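Asks: Next come the chains, spelled out residue by residue.
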Amino acid sequence: MLLIPCPHCGERPENEFSYGGDGTVERPTDPAAVSDADWHAYVYRRANPKGPHVEYWYHQFGCRSWFKVRRDTHTHEILPLEDETS
Amino acid sequence: MSQAFRLSEGGGIDRAQLVTFTFDGRRYQGYAGDTLASALLANGVRLVGRSFKYHRPRGVVGLGSEEPNALVRVGRGGRVTPNLRATQVPIEDGLVAESQNRWPTLDWDLGAINSRFARFLPAGFYYKTFMAPAAWWMTYEKVIRRMAGLGKPPEHEDPDAYEKRHAHVDILIAGGGPAGLAAALAAARNAKETGKRILVADENPAFGGSLLNGPAMIDGRPAAAWVEETVAALQALPNVTLLTRATVFGYYDHDFLTIAEHGTFGAARQRLWKVRAKKVILATGAIERPLAFADNDRPGVMLAGAVRGYLHRYGVRCGDTMAVLTNNDAAYACAAEAKAAGMAVAAIADLRAEPGADALTLAREAGIAVLPGHAVAGVSGTKAVQGVRLRKLNAAGDGFDGPAMRIACDLVAVSGGWTPAVHLHSQAKGKLDWDEDLAAFRPGRRFGANVSAGACNGTLDLAGCLAEGAAAAGGGIDLPATGSDLSGAPHMLWRIPAGRGAKRFVDLQNDVTTSDVALAAREGYRSVEHLKRYTTLGMGTDQGKTSNHHGLALLAGATDRAIPDVGTTTFRPPYTPVTVGLFAGRDKDAFAHPVRRTALHDWHVAQGAPMTDAGLWKRPQAYPRPGESLNDAIRREVLAVRDNVGLVDVTTLGKIDIQGPDAAELLNRMYINAWKKLPVGKGRYGLMLREDGMVWDDGVTMRLAEHHFLMTTTTANAAAVLQQMEFLLQTQWPDLKVFVNSVTEHWFAAAVSGPNARQLLNKLTTDIDMSNDAFPMMAIRQGTVAGLPARVLRISFSGELSYEVNVAADDGVALWQAVLDAGEELDLTVYGTEAMGVLRIEKGHVAGPELDGRTTADDLGLGRMVNANKDCIGKRSLDRPGLNETGRLQLVGLECDDADGRIPFGARIVAEHKDGAQDQLGHVTSIAQSPVLERSIALALVRDGRNRHGEHVYAASPTADGGKGAWARVRVTGPVFFDPEGERLHG
Numbered sequence: 000m001l002l003i004p005c006p007h008c009g010e011r012p013e014n015e016f017s018y019g020g021d022g023t024v025e026r027p028t029d030p031a032a033v034s035d036a037d038w039h040a041y042v043y044r045r046a047n048p049k050g051p052h053v054e055y056w057y058h059q060f061g062c063r064s065w066f067k068v069r070r071d072t073h074t075h076e077i078l079p080l081e082d083e084t085s
Numbered sequence: 000m001s002q003a004f005r006l007s008e009g010g011g012i013d014r015a016q017l018v019t020f021t022f023d024g025r026r027y028q029g030y031a032g033d034t035l036a037s038a039l040l041a042n043g044v045r046l047v048g049r050s051f052k053y054h055r056p057r058g059v060v061g062l063g064s065e066e067p068n069a070l071v072r073v074g075r076g077g078r079v080t081p082n083l084r085a086t087q088v089p090i091e092d093g094l095v096a097e098s099q100n101r102w103p104t105l106d107w108d109l110g111a112i113n114s115r116f117a118r119f120l121p122a123g124f125y126y127k128t129f130m131a132p133a134a135w136w137m138t139y140e141k142v143i144r145r146m147a148g149l150g151k152p153p154e155h156e157d158p159d160a161y162e163k164r165h166a167h168v169d170i171l172i173a174g175g176g177p178a179g180l181a182a183a184l185a186a187a188r189n190a191k192e193t194g195k196r197i198l199v200a201d202e203n204p205a206f207g208g209s210l211l212n213g214p215a216m217i218d219g220r221p222a223a224a225w226v227e228e229t230v231a232a233l234q235a236l237p238n239v240t241l242l243t244r245a246t247v248f249g250y251y252d253h254d255f256l257t258i259a260e261h262g263t264f265g266a267a268r269q270r271l272w273k274v275r276a277k278k279v280i281l282a283t284g285a286i287e288r289p290l291a292f293a294d295n296d297r298p299g300v301m302l303a304g305a306v307r308g309y310l311h312r313y314g315v316r317c318g319d320t321m322a323v324l325t326n327n328d329a330a331y332a333c334a335a336e337a338k339a340a341g342m343a344v345a346a347i348a349d350l351r352a353e354p355g356a357d358a359l360t361l362a363r364e365a366g367i368a369v370l371p372g373h374a375v376a377g378v379s380g381t382k383a384v385q386g387v388r389l390r391k392l393n394a395a396g397d398g399f400d401g402p403a404m405r406i407a408c409d410l411v412a413v414s415g416g417w418t419p420a421v422h423l424h425s426q427a428k429g430k431l432d433w434d435e436d437l438a439a440f441r442p443g444r445r446f447g448a449n450v451s452a453g454a455c456n457g458t459l460d461l462a463g464c465l466a467e468g469a470a471a472a473g474g475g476i477d478l479p480a481t482g483s484d485l486s487g488a489p490h491m492l493w494r495i496p497a498g499r500g501a502k503r504f505v506d507l508q509n510d511v512t513t514s515d516v517a518l519a520a521r522e523g524y525r526s527v528e529h530l531k532r533y534t535t536l537g538m539g540t541d542q543g544k545t546s547n548h549h550g551l552a553l554l555a556g557a558t559d560r561a562i563p564d565v566g567t568t569t570f571r572p573p574y575t576p577v578t579v580g581l582f583a584g585r586d587k588d589a590f591a592h593p594v595r596r597t598a599l600h601d602w603h604v605a606q607g608a609p610m611t612d613a614g615l616w617k618r619p620q621a622y623p624r625p626g627e628s629l630n631d632a633i634r635r636e637v638l639a640v641r642d643n644v645g646l647v648d649v650t651t652l653g654k655i656d657i658q659g660p661d662a663a664e665l666l667n668r669m670y671i672n673a674w675k676k677l678p679v680g681k682g683r684y685g686l687m688l689r690e691d692g693m694v695w696d697d698g699v700t701m702r703l704a705e706h707h708f709l710m711t712t713t714t715a716n717a718a719a720v721l722q723q724m725e726f727l728l729q730t731q732w733p734d735l736k737v738f739v740n741s742v743t744e745h746w747f748a749a750a751v752s753g754p755n756a757r758q759l760l761n762k763l764t765t766d767i768d769m770s771n772d773a774f775p776m777m778a779i780r781q782g783t784v785a786g787l788p789a790r791v792l793r794i795s796f797s798g799e800l801s802y803e804v805n806v807a808a809d810d811g812v813a814l815w816q817a818v819l820d821a822g823e824e825l826d827l828t829v830y831g832t833e834a835m836g837v838l839r840i841e842k843g844h845v846a847g848p849e850l851d852g853r854t855t856a857d858d859l860g861l862g863r864m865v866n867a868n869k870d871c872i873g874k875r876s877l878d879r880p881g882l883n884e885t886g887r888l889q890l891v892g893l894e895c896d897d898a899d900g901r902i903p904f905g906a907r908i909v910a911e912h913k914d915g916a917q918d919q920l921g922h923v924t925s926i927a928q929s930p931v932l933e934r935s936i937a938l939a940l941v942r943d944g945r946n947r948h949g950e951h952v953y954a955a956s957p958t959a960d961g962g963k964g965a966w967a968r969v970r971v972t973g974p975v976f977f978d979p980e981g982e983r984l985h986g
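For the record, the sequence lines run as chains A and B. FYI, numbering that gives the first Met the number 0 numbers position 26 of the first sequence as 25, with every residue one higher than the one before it. FYI, numbering that gives the first Met the number 0 numbers position 460 of the second sequence as 459, with every residue one higher than the one before it.
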């Protein structure tokens, strides 16, 4: 069971959290101006890397924070977020 | 025969405490401190089980958790546990144990006939059988299931309680043998200043591990005394916790480990420890390997270390006369000590041409004959060993030279070397390195905050184990030691020569022989994982603790590869089997998940209302009167709302409080319709999409103040909607100034519905003007109802004039009673979820069955709600071509042609009434027996349904009526069956 670093509560066990998917996906600010292909990519396409993966977690049974974690999908190591805007 | 094989002295048992137990219905006696295995051996019981596939007679092989054969069913009634290892079951007075996999009796077993047909039960037997015509399998399966398998599951519910504990420790030490205890001592010493928390767990009833199996000296004292002193010293420390009969069975991510502890903890007999450790010291020891010779499964063929263990731990001789087969020095100590204890040792056959010098000296001094370069060529005796044939091996080790020597004996002690128990290291994702000297894998690159020490790290000598253990915990202590545990490198002959047709078992538990492995290799199973699945080698309750090694070595030989190139199967938790109850703990029955009850729950139950689940909520279905059927009650309740007035508990709808200057903007982005111009004091029906354009949730949201809204969600999606709003606010729209919070729990809500609803509420409030002009549809008013502070919403799910009264949850009972009292002279009727469902279907309101994640707003006839002048979640996806083509399933109503007919639940919509295949036009989503229309109606999703109004189609369900199937001819209509103009709710 992972230990997940909540920015508000510190390291807490995984079962207090919900997984929120790829943390690099940003909602287009003007969806009407986005091409069909780009919108399709935003809604459906996700990378499935073996290795570091920036992802969202939600501290559902805690402070309700949504935050990003960089996790190695192979080893489950939690790595430093290289760039908060990534 | 009473404990004829018990030595007159020695062993860690309490001879003052005689214990009586039964095995297969026969009474036996042992001592407190015995395991079932040691007590049976003390009583000379050799035959303890039948094997998995061939039903061969089997006896005890090992000493602890590695035992593959001696599986028993222990207990009575609900306390029965199958597949327990007799080597780990402590006996107690009245214990009832049974052997498994035999019928009718252990001694006379019909299944043993399988042995005669062994050539029809080769590796992959199951898979090959599957290739026969499928219909045959149904017949095979019943027979095979009876013949093959392990213990029977219990017939009754388990009455025992199970506990869970969480521990956060600085150091967890798995295993309390020499390495583990040395580590604990060093850790305790080094933590003196810091008070670091140390947890030591051992799977056995007592600490000491291999130190209990034979004489040794540590720190100038006999090992047993050292163990006792060390345990006492550790027990005295407040920061050290010692657990016995506690198996560290799982090593998960981020140094999270699980321990199954057996004992008595209040009412519980087992306890699950969930441990987060800063550091883990693995001191789990090594497992002795058997050797693959002819008939190596006969009762009386045992591991040499186990024979030695029974001698010293329990004072039990495993036989009268012993022959030894070994490939290393360790078994010599066993032979010498057995002889000193009064057993006869016929000979030591050593696969090595040159046994170790110390070992030979030991044998000579004990007067035991050694046969270097010899092996067991065969075993006589079926239900117990009666003798062995020893022969000299040829130079290549693949055949015999010279004649066989027949030796009478009732025990064969076997040692094939030691395999480090790397399970936890591997579970933690550590790598393994092949060690040629050990002929075994040992821990390589590790992963996680762990270190392996002692025999599990491939270090077999006592002084080395102690030093490694201490060093793993920071060192600082020195423990000089001498032991009789000789441990010369094993000379591996993975397959000892045998005559034609002789069975050499690799996996005793699953009846996998050397030929099965060879056959699998011939058939192309090169991967060790495939070998496991194909032959079942390494499966079962022992997961191949004594067999995996041989299996992969033989596979390597058969496929001309080096053993490390073959590798091992993946080690997964649990290390030893654990009961499901352990994981459930107290989280069962009422505690399996939280139950949500409205303020009126007890009242609903007191009325005798059948309760139904809505997510975690309990809701009343209807309130049948004495002698009234459920359907009659629903009909009565519906008609009361249509004709008079009804009252229903609607607390469970999700409520989200939304506050902040950007609250209206957030709603604009969440809902497909517009919110900024909604006046204070009014509400609006909103529809929410997923980002892929499908309808997700709906509900009425009210504007309480300029910057304050109250959103209602469906009961099912309350938590998910809040989560999604938090996600968007925190990650995508952090600039929006708005807070959201769930207030579902804070409110009690009751709807008063029906033509007389206003009249009823007028009796209960003085400060809210209930007139149609002052309190129009979709308005919200604050004031008092029955003297209680309340919010009153004029909304309607039933299609009737309707008010939803919200009061503080604690005021719910008072409000309800006041409404009942006031309603008495109006003949107020209380109604439940079933009537509510009928009312909403008559009105064509969508709910969960229609919002199935595949319907768009347009599919539901709500396309006009999409506001063209703003974006919202999911709106861009509405341009997808597939959502705008003809042929989509659209919401319609269905009326049954036959007034006495029934539209079947979950029916498919088809054009013709005929057998055989035909195109499906859609499906029924919700059905109701409408008291107003006096017939069966339904909502359905039908292809191009809006263009089919007036058409007749069929609703068909092949599974209705218990599989007989049912048809109904129906007319397609608009989804609103009743009062389509909505005149009643505006009245």
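Careful, some of the hints might be misleading.
Calculated lysine-lysine pairs in the BS3-like style (CA-CA distance at most 25 Å, straight line) [claimed, not checked]: (1) A:Lys67 with B:Lys736; (2) B:Lys278 with B:Lys502; (3) B:Lys874 with B:Lys736; (4) B:Lys617 with B:Lys151; (5) B:Lys391 with B:Lys430; (6) A:Lys49 with B:Lys617; (7) B:Lys617 with B:Lys273; (8) B:Lys430 with A:Lys49; (9) B:Lys278 with B:Lys391.
Example chain B residues on the side facing chain A (calculated, C-beta under 10 Å, incomplete) [unchecked claim]: (10) Tyr251; (11) Asp252; (12) Arg275; (13) Lys430; (14) Asp432; (15) Trp433; (16) Arg445; (17) Val450; (18) Phe570; (19) Thr885; (20) Gly886.
The set of hints was computed from the structure by calculation and includes no laboratory data. Quick caveat: nothing in here was measured; it's all calculated off a predicted structure. Even glycine gets a Cβ: it sits at the ideal position worked out from N, Cα and C.
Asks: All the hints need checking, so say for each whether the structure fits it.
Replies: Results of checking the hints against the structure:
no.	hint	verdict
1	A:Lys67 with B:Lys736	holds (21 Å)
2	B:Lys278 with B:Lys502	violated (46 Å)
3	B:Lys874 with B:Lys736	holds (23 Å)
4	B:Lys617 with B:Lys151	violated (37 Å)
5	B:Lys391 with B:Lys430	violated (39 Å)
6	A:Lys49 with B:Lys617	violated (44 Å)
7	B:Lys617 with B:Lys273	violated (32 Å)
8	B:Lys430 with A:Lys49	holds (18 Å)
9	B:Lys278 with B:Lys391	violated (50 Å)
10	Tyr251	holds (6 Å)
11	Asp252	holds (4 Å)
12	Arg275	holds (7 Å)
13	Lys430	violated (12 Å)
14	Asp432	violated (19 Å)
15	Trp433	violated (23 Å)
16	Arg445	violated (12 Å)
17	Val450	violated (18 Å)
18	Phe570	violated (16 Å)
19	Thr885	violated (20 Å)
20	Gly886	violated (21 Å)
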